[in-house]
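Model the full structure from these sequences, guided by the hints.
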Amino acid sequence: KNEVEQSPQNLTAQEGEFITINCSYSVGISALHWLQQHPGGGIVSLFMLSSGKKKHGRLIATINIQEKHSSLHITASHPRDSAVYICAGPEYGNKLVFGAGTILRVKS
Amino acid sequence: ETGVTQTPRHLVMGMTNKKSLKCEQHLGHNAMYWYKQSAKKPLELMFVYSLEERVENNSVPSRFSPECPNSSHLFLHLHTLQPEDSALYLCASSQGSAVGAFFGQGTRLTVV
Numbered sequence: 001k002n003e004v005e006q007s008p009q010n011l012t013a014q015e016g017e018f019i020t021i022n023c024s025y026s027v028g029i030s031a032l033h034w035l036q037q038h039p040g041g042g043i044v045s046l047f048m049l050s051s052g053k054k055k056h057g058r059l060i061a062t063i064n065i066q067e068k069h070s071s072l073h074i075t076a077s078h079p080r081d082s083a084v085y086i087c088a089g090p091e092y093g094n095k096l097v098f099g100a101g102t103i104l105r106v107k108s
Numbered sequence: 001e002t003g004v005t006q007t008p009r010h011l012v013m014g015m016t017n018k019k020s021l022k023c024e025q026h027l028g029h030n031a032m033y034w035y036k037q038s039a040k041k042p043l044e045l046m047f048v049y050s051l052e053e054r055v056e057n058n059s060v061p062s063r064f065s066p067e068c069p070n071s072s073h074l075f076l077h078l079h080t081l082q083p084e085d086s087a088l089y090l091c092a093s094s095q096g097s098a099v100g101a102f103f104g105q106g107t108r109l110t111v112v
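Order-wise, the sequence lines are chains A and B. According to my numbering, the first sequence is numbered sequentially starting from 1. According to my numbering, the second sequence is numbered sequentially starting from 1.
Don't read these hints as lab results, they were simulated from the structure. We treat Cβ as the ideally placed atom computed from N, Cα and C, and that holds for glycine. Not one of these hints is a red herring.
For the chain B half of the interface with chain A, some residues (derived, Cβ under 7 Å), not all of them: (1) Leu88; (2) Val99; (3) Gly100.
Right, dumping it as structure tokens:
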């Protein structure tokens, strides 16, 4: 069983919709990383956060360390947001535990 | 452009071939990683190098052999691979903790 669970696994949205992707983890982590993977395979770091909320453009990430839960929100979604979104947390030392990813498709 | 460059981007090799994947970063990071991403599975950590020393080997078969000659370069030497080794191999680097690592574009490997 993966120690980092993401939901939903697949998400299709219409352009302009507000999107939420959730991440729950059973490992004790101090920070969490949200990543975006495009169809070509490259991975881009979106957020690294250990408390509260961070915002970058139309993307917002929140985390509740006590509840072991994080969410990634996309406002006014656009087809170019279509990608796989992955959350990851440090298990120990230099080892990251990854979620299985959420495949997002935004239709125009 | 994340500052982590992987070559080649695509590789097709036979089971008896020997090939190498290369990763380069000039971000001044002190840790580098190899990850494997198979179809429909989460990323799996393969190796971690910190200050050019291997600090993690996540039960990877010996047909995968990493090399870190300096803090900016990381190689993954491949020999006698199996078709099930076909996957996307991602390199990453970080300064200290793996959280916040920068990833390369990956090498799409196909073993025939």
